[in-house]
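K.L.:
Sequence:
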Amino acid sequence: MNWFKQLSIITLVAGLGACNRIIDLKPQSNVTVENYYHNYDEVKVALTGCYNGMQKPLETEWMMTELRSDVSKQGSPGSTSVANIELNDLNTYLENSSHSQVYNYWYYTYKNIRSANYVLRSLGVDYANGQITLGEPTAQMDDVQRKQLAGEALFIRAYHYFNLVRLFGGVFILTRSEDPAALKSINRSSVEECYKLITADLQAAKDWMTPKNYSAMAQEDLGRATTWAAKSLLAKVYLTANRKTDALPLLDDVINNSGYDLLANYADVFSIGNEMNKEIVFAVRYKAGGLGLGNYMANSFAALNSGSAILNGNGSGLNYPTDNMVSKYIVPTTGFADKRKAATIDKYNTLNYVKKFLSPVMLKNDAENDFPVIRFADVLLMKAEALGFDPVSVDIINRIRTRAGAGVYPGTGSFSAAFYQYPASGTEAITSTTFLIKLLDERRIELAFENHRLFDITRTGQFVTTMQGYYASEYDAHYKKFKPAVLLTDLQQNIITRPLLPIPQRELDTNNEIDIDQNSGF
Numbered sequence: 001m002n003w004f005k006q007l008s009i010i011t012l013v014a015g016l017g018a019c020n021r022i023i024d025l026k027p028q029s030n031v032t033v034e035n036y037y038h039n040y041d042e043v044k045v046a047l048t049g050c051y052n053g054m055q056k057p058l059e060t061e062w063m064m065t066e067l068r069s070d071v072s073k074q075g076s077p078g079s080t081s082v083a084n085i086e087l088n089d090l091n092t093y094l095e096n097s098s099h100s101q102v103y104n105y106w107y108y109t110y111k112n113i114r115s116a117n118y119v120l121r122s123l124g125v126d127y128a129n130g131q132i133t134l135g136e137p138t139a140q141m142d143d144v145q146r147k148q149l150a151g152e153a154l155f156i157r158a159y160h161y162f163n164l165v166r167l168f169g170g171v172f173i174l175t176r177s178e179d180p181a182a183l184k185s186i187n188r189s190s191v192e193e194c195y196k197l198i199t200a201d202l203q204a205a206k207d208w209m210t211p212k213n214y215s216a217m218a219q220e221d222l223g224r225a226t227t228w229a230a231k232s233l234l235a236k237v238y239l240t241a242n243r244k245t246d247a248l249p250l251l252d253d254v255i256n257n258s259g260y261d262l263l264a265n266y267a268d269v270f271s272i273g274n275e276m277n278k279e280i281v282f283a284v285r286y287k288a289g290g291l292g293l294g295n296y297m298a299n300s301f302a303a304l305n306s307g308s309a310i311l312n313g314n315g316s317g318l319n320y321p322t323d324n325m326v327s328k329y330i331v332p333t334t335g336f337a338d339k340r341k342a343a344t345i346d347k348y349n350t351l352n353y354v355k356k357f358l359s360p361v362m363l364k365n366d367a368e369n370d371f372p373v374i375r376f377a378d379v380l381l382m383k384a385e386a387l388g389f390d391p392v393s394v395d396i397i398n399r400i401r402t403r404a405g406a407g408v409y410p411g412t413g414s415f416s417a418a419f420y421q422y423p424a425s426g427t428e429a430i431t432s433t434t435f436l437i438k439l440l441d442e443r444r445i446e447l448a449f450e451n452h453r454l455f456d457i458t459r460t461g462q463f464v465t466t467m468q469g470y471y472a473s474e475y476d477a478h479y480k481k482f483k484p485a486v487l488l489t490d491l492q493q494n495i496i497t498r499p500l501l502p503i504p505q506r507e508l509d510t511n512n513e514i515d516i517d518q519n520s521g522f
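The numbering used here puts the first residue of the sequence shown at 1, with every later residue one more than the last.
Source of the hints: derived by calculation from the structure; they are not laboratory data. Predicted model, so just to flag it, every value in this text is computed and none were measured. It is possible that some hints are incorrect.
To be verified - Restraint-style ranges between C-beta atoms, simulated for each label pair:
{"#": "1", "residue 1": "Gly-335", "residue 2": "Arg-176", "range": "56 to 66 Å"}
{"#": "2", "residue 1": "Asp-268", "residue 2": "His-38", "range": "41 to 51 Å"}
{"#": "3", "residue 1": "Glu-193", "residue 2": "Asn-305", "range": "41 to 51 Å"}
{"#": "4", "residue 1": "Asp-142", "residue 2": "Asp-246", "range": "27 to 37 Å"}
As the list claims (entries may be wrong) - Cut-off 20 Å, straight-line C-alpha distance, at most; resulting in silico cross-link-like pairs (DMTMM-like, lysine to aspartate or glutamate):
{"#": "5", "residue 1": "Lys-480", "residue 2": "Asp-89"}
{"#": "6", "residue 1": "Lys-480", "residue 2": "Asp-323"}
{"#": "7", "residue 1": "Lys-287", "residue 2": "Asp-346"}
{"#": "8", "residue 1": "Lys-356", "residue 2": "Glu-368"}
{"#": "9", "residue 1": "Lys-480", "residue 2": "Glu-86"}
{"#": "10", "residue 1": "Lys-287", "residue 2": "Asp-268"}
{"#": "11", "residue 1": "Lys-44", "residue 2": "Asp-143"}
{"#": "12", "residue 1": "Lys-56", "residue 2": "Glu-86"}
{"#": "13", "residue 1": "Lys-56", "residue 2": "Asp-41"}
{"#": "14", "residue 1": "Lys-184", "residue 2": "Asp-517"}
{"#": "15", "residue 1": "Lys-212", "residue 2": "Asp-268"}
{"#": "16", "residue 1": "Lys-44", "residue 2": "Glu-136"}
{"#": "17", "residue 1": "Lys-287", "residue 2": "Glu-86"}
{"#": "18", "residue 1": "Lys-244", "residue 2": "Glu-192"}
{"#": "19", "residue 1": "Lys-364", "residue 2": "Asp-143"}
{"#": "20", "residue 1": "Lys-356", "residue 2": "Asp-346"}
{"#": "21", "residue 1": "Lys-483", "residue 2": "Glu-86"}
{"#": "22", "residue 1": "Lys-278", "residue 2": "Glu-368"}
{"#": "23", "residue 1": "Lys-147", "residue 2": "Asp-221"}
{"#": "24", "residue 1": "Lys-44", "residue 2": "Glu-220"}
{"#": "25", "residue 1": "Lys-196", "residue 2": "Asp-179"}
{"#": "26", "residue 1": "Lys-147", "residue 2": "Glu-42"}
In this text, a Cβ means the ideal position worked out from N, Cα and C, and glycines have one as well.
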């Protein structure tokens with residue numbers, strides 16, 4: 001694939017910007033930041049290194065998101081292994097500030113932010129007072145090229161900060177590739193300041209990147225950020241800020257003008273023979289073949305001790321679907337399961353496991369599957385969310401459900417038992433509240449294990465109610481078996497007192513020249 005043909009250069013250049021606030025990686029050759037980034041080709045190679053740098057945070061992102069929702073669980077509840085206890089701690093909101101996986105996610109995210117900042121510096125991009133500006137670049141290229149590369153780097157930086165602020169609250173805003181010693185004087189910014197940066201990055205990104213219809217994109221550019229990806233992500237930022245009227249025109253533009261669309265068959269969206277298809281607005285790309293760029297999820301998510309029955313190299317069983325999640329695909333009155341279940345969840349012996357990102361592997365942890373960050377189905381459902389209970393919203397949901405072979409919702413009247421498990425029996429009048437729950441159910445099923453659910457229920461104000469109900473429904477079968485023991489009352493309280501992840505202790509200890517506030521509950 002052309003995307004990976006300059007692997008050796010990309011790996012080297014990515015390392016040049018791979019410094020974070022704690023560890024400063026020394027260049028491994030005489031190629032340095034100061035004598036690179038001279039022209040378009042060099043900056044594009046460095047930027048491809050930033051795309052590559054998006055892979056590492058994804059190794060633990062599901063732990064920070066799906067595992068802390070009602071979608072995923074650790075499959076061996078009675079295990080006392082360190083690795084499983086760490087997963088259980090995240091699953092029950094009992095992690096501490098020294099949690100290794102929380103630190104890994106934080107570290108690799110900031111590492112790639114720093115790499116993106118090096119690219120932006122070479123292009124003369126600066127941020128101040130809520131505005132992105134173009135100054136004098138050090139790399140020489142024409143203005144169209146410069147804005148395209150800058151837009152892509154800004155998208156990557158905004159993507160990372162959007163995830164950080166939703167998981168940790170206010171974080172450290174780093175927009176320049178400064179010396180690590182100077183960074184010790186920078187404290188956490190407020191949530192509002194973080195969103196100001198994210199919004200500015202995405203507004204510039206959508207305006208600077210050249211808009212191309214999906215059908216007109218070159219094969220080697222599939223997987224790079226586009227104006228459509230920036231508009232889609234900005235729309236989600238606006239939904240998170242309850243700016244629905246600002247989100248709608250962006251979503252309509254993507255829906256009507258981008259060339260992206262739903263595929264006819266849900267399973268085809270995730271096929272390794274159909275990568276970067278017209279439903280994938282943006283994905284983090286992987287490449288099998290022993291290059292160090294393969295996807296780890298296949299082996300990590302395959303059922304524990306399944307040997308070669310599922311795929312080569314055995315499965316680790318780290319990410320199991322909750323019973324509650326599995327049941328959402330089933331119509332209780334008929335036992336019918338829509339088509340999305342077969343593409344998403346499978347069973348090995350008695351264990352349900354995540355199938356969506358499995359593909360044949362020659363080497364363990366070296367699968368081909370790309371990971372979808374923004375899908376066209378997500379864009380459609382965001383529009384339904386922005387509109388609220390409306391005939392257009394009902395039509396959108398029914399378009400998604402029709403592809404899945406599921407029944408359609410009525411535009412008026414009542415939701416009945418035929419529509420999955422809400423309500424479990426009888427009927428319930430359609431209101432704005434019941435419509436929101438059904439919309440969230442649809443997002444949960446459609447986008448399962450794509451790291452959306454925690455953010456969805458938090459953004460819409462359903463986090464506490466959803467999680468308390470989930471813990472109650474699976475306590476006896478799952479959480480009651482935990483070692484050390486955890487009480488249901490504690491589970492239901494933790495999500496109120498400790499909803500955010502802790503700022504890693506290593507960050508607090510290293511930056512000891514200033515007082516850094518820790519998140520509540522830690």
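K.L.:
Work down the list of hints and note, for each, if the structure agrees.
P.N.:
Verification of the hints:
1. Gly-335 - Arg-176: 56 to 66 Å: holds, 58 Å
2. Asp-268 - His-38: 41 to 51 Å: Given range 41 to 51 Å: holds, Cβ gap about 42 Å.
3. Glu-193 - Asn-305: 41 to 51 Å: holds, 48 Å
4. Asp-142 - Asp-246: 27 to 37 Å: For Asp-246 against Asp-142, whose Cβ atoms are near 32 Å apart, the range 27 to 37 Å holds.
5. Lys-480 - Asp-89: The given pair, whose Cα atoms are some 14 Å apart, holds under the 20 Å limit.
6. Lys-480 - Asp-323: holds, 15 Å
7. Lys-287 - Asp-346: violated, 24 Å
8. Lys-356 - Glu-368: Given that 20 Å is the threshold and the Cα spacing comes to 12 Å, the pair holds.
9. Lys-480 - Glu-86: holds, 17 Å
10. Lys-287 - Asp-268: holds, 18 Å
11. Lys-44 - Asp-143: Since the Cα atoms of Lys-44 and Asp-143 sit roughly 14 Å apart, the hinted pair holds (cutoff 20 Å).
12. Lys-56 - Glu-86: holds, 19 Å
13. Lys-56 - Asp-41: violated, 24 Å
14. Lys-184 - Asp-517: holds, 14 Å
15. Lys-212 - Asp-268: Not satisfied, since the Cα-Cα distance of roughly 23 Å exceeds 20 Å.
16. Lys-44 - Glu-136: Since the Cα atoms of Lys-44 and Glu-136 sit roughly 18 Å apart, the hinted pair holds (cutoff 20 Å).
17. Lys-287 - Glu-86: Not OK: Lys-287 and Glu-86 at ~29 Å, beyond 20 Å, violated.
18. Lys-244 - Glu-192: holds, 17 Å
19. Lys-364 - Asp-143: The hint is violated at about 44 Å.
20. Lys-356 - Asp-346: Holds - the C-alpha atoms of Asp-346 and Lys-356 are around 9 Å apart, at most 20 Å.
21. Lys-483 - Glu-86: holds, 12 Å
22. Lys-278 - Glu-368: The given pair, whose Cα atoms are some 18 Å apart, holds under the 20 Å limit.
23. Lys-147 - Asp-221: holds, 16 Å
24. Lys-44 - Glu-220: Judged against 20 Å, a Cα distance of about 12 Å means the pair holds.
25. Lys-196 - Asp-179: Violated, at about 24 Å.
26. Lys-147 - Glu-42: holds, 15 Å
Hint check: violations occur at hints 7, 13, 15, 17, 19 and 25; the rest are consistent with the structure.
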